[in-house]
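Residue numbers (my numbering), protein chains in the order written: chain A, 1 to 407; chain B, 1001 to 1407.
Be a bit skeptical, because a hint or two may be false.
[Unchecked claim] Dumping the calculated SDA-like pairs for lysine to any residue here, alpha-carbon to alpha-carbon at most 25 Å: (1) A:Lys283 <-> B:Phe1184; (2) B:Lys1075 <-> A:Ser160; (3) A:Lys350 <-> A:Glu268.
Because the hints were derived from the structure by calculation, they are not lab data.
2 protein chains.
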Amino acid sequence: MTSWIDTGDDSGFCLDVLPYGIFSTEDLDARIGVAIGRYILDLKALAEEGFFTTIDFDSSALMGSTLNDYAALGKQVHKQVRDLIQELLAHATRRGAELRDNQDRRDRVLVKRSQATLHLPMSIGDYTDFFVGPYHAQNPGSTLHRNYLNQPIGYHGRASSVVISETPIRRPKGQFLLDNNPIFGDCQKLDFEVEFAAFIGQGSEHGSSIPVDEAEDHIFGFVIMNDWSARDIQNWESSPLGPFNGKNFATTISPWVVPLEALEPFREHPVSSRPLLPYLQQKREDSVYSVPITVSLNGKQLLSHEMFKCNTKYVVFSFAQMLAHHTAGGCPLRTGDLIATGTLSGPSRKELGCLLEATKNGSEPYEFHTSGPETKNIVRRYLEDGDIIELKASGFGSCSGLIVSSE
Amino acid sequence: MTSWIDTGDDSGFCLDVLPYGIFSTEDLDARIGVAIGRYILDLKALAEEGFFTTIDFDSSALMGSTLNDYAALGKQVHKQVRDLIQELLAHATRRGAELRDNQDRRDRVLVKRSQATLHLPMSIGDYTDFFVGPYHAQNPGSTLHRNYLNQPIGYHGRASSVVISETPIRRPKGQFLLDNNPIFGDCQKLDFEVEFAAFIGQGSEHGSSIPVDEAEDHIFGFVIMNDWSARDIQNWESSPLGPFNGKNFATTISPWVVPLEALEPFREHPVSSRPLLPYLQQKREDSVYSVPITVSLNGKQLLSHEMFKCNTKYVVFSFAQMLAHHTAGGCPLRTGDLIATGTLSGPSRKELGCLLEATKNGSEPYEFHTSGPETKNIVRRYLEDGDIIELKASGFGSCSGLIVSSE
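Produce the entire structure from the sequences given, and follow the hints as far as they go.
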């Protein structure tokens, strides 16, 4: 299905994706939009012009400065809104007179992406980070714990430090061991982690649990994510309660939220199946998604260098299983909660999701040569100030962050 | 300093405390109040009658349904509001005509506590649980990790499952080991944890840190807290990322938030001092508080039985040190964040903060005899359905929860 808007750039913002985001311009306050090619369709403006009156919902949910009210409406409404937008933007639309052939309205409701500032798409109540990537969990420095294949292992992250792509990342200070003595100073082992994350649409009641086969109904959409990690701080603090300051200084997400429906064609089986307790037995076997995510190291003196190509399919549990487990004891989910996979490494050296694995905790440097007129040899054990790590996935946009010095 | 309102009950809601809470009645929507004896002073009503116009702040902050807007104003405003309320309520007030001797106004702004419903006092962004109680950390089943005395160890908790006193606690289901095999079922080792917690007033910027000697300025006030724990679930899930479902089913807090200023007379030194890295060196040595918290086991067939008497002074780090550490890497705090101590056990068997310690993980039952006409022998290894655990501290009210069955 093609659109009358050119979607031939490499963004992947085509009619089958239609990701949601929050944008503003010099003239427009922060509002909900849908990315299409080089444009953003302004859903607030469309709602104000009465485009959604045929759908049974309160269209003020499309007029907020986050996606929360809209996400809370549930998949029936989301499907109808998406169908309507696809109809309006399709090449062969029957409603051409309403937008395609109406230049005045096009000027009012289509904004060039290059003129928009993007904002955090949802107000995040709680952020949970799982650990369902088996290649990361089994990396050379780690022990695979006995519980690992029995349940999706996870921990609570820090919602206040989730930021949108292009927010500069200040190198954290912290406490860590140097020559086996605790010191306080600039993190010396700053790393990224490639992850995939779901935003919760409809929440769940305190004291109730979500059955695994109904859990997908609670997902609004997905983002790609970089969970920045300070390995030296994390290593010294984590016994016995897990990561804290090693993770809570920043987590970056992509600005565009790809709706659940758009990922239907990319369904895939998880890495392995083995007997699970009934509350984790999901009827659907193609319960995960195959979304390639490229990881590039950019920076002032670097051209863009593709380091790794990860994939969201390298997981042992699906999001449905994560949500069923998360709510098994009655923990309530709320609209806007962010649920992430943990690091998505693959089986080969080209598919790693963090430097910890690529350099074996800094012991084997990652090296490459720049191309161009002047060839340089670049060596990284961990990230340096001035480095930019950029994650990219078709339809999600970019998830990037520049490392700035601690002072 | 005494009030013209009788504060001779055992609540501790006297003129020197004046805790804040959120209440509603049949006629009044949820609003901010201050507890005094058997009454609540309705600050919204007072604000509407223009009582705060002499203080330089937007009094709409006193008209919300949470304390957040008010807490964000900072300690200068809080002090002036508190001074004004103390003046109005003092026995020897110079402003007797405005309230004490004005029966019509008394009827409008004083509400009987018995007629009020109390609500969660703040909208909680993130909830962090520390582990600064040394007697709990060194309990017989635990190893004291090498990092423990060098930094306040903590982890991120689940904000969505924090509830107010008297919310029934459903026994969680979950995955745990039975005869060394993972099963899914009702938690069999349900426990409480006695804690003390601070609500953040003014937050901090992402990428900045709070110096330890300025950290108290970011605290609005304190609550007592029960961090319910499912020991069997927690034990099986916690390696390597820490507690998750073993903790995220419920955490109960007291309804009344005691302002920082009210605890000044109860300052105390922490348990031990030892050389700390400079970012944790606090000038003030009486950096913690001595607040006794009683723990009672109540229930249908039980009279109230006092099990333990804990104290908030049994900690190795102050809240100021916890906040300095928490923000050292740039993690932003937000108004309404909840920061807790972890379990507050003391050095003796009468001062334990959880059943895990009292029964050595269920191996040595806790036993007592009921008093009254019919003496019964009561035995607990962990909590049973129908049990009520009630924490009480003078001026904070009660923090209680009834265990209800999982179905």
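Hints versus structure:
A C-alpha spacing of about 18 Å is found between Lys283 (chain A) and Phe1184 (chain B), which places the hinted pair at or below 25 Å, so the restraint holds. Annotation: proposed proximity of Lys1075 (chain B) to Ser160 (chain A) holds, straight-line Cα distance about 23 Å (limit 25 Å). Among the hinted pairs, Lys350 (chain A) with Glu268 (chain A) is consistent with the structure: their alpha-carbon atoms are about 21 Å apart, no more than 25 Å.
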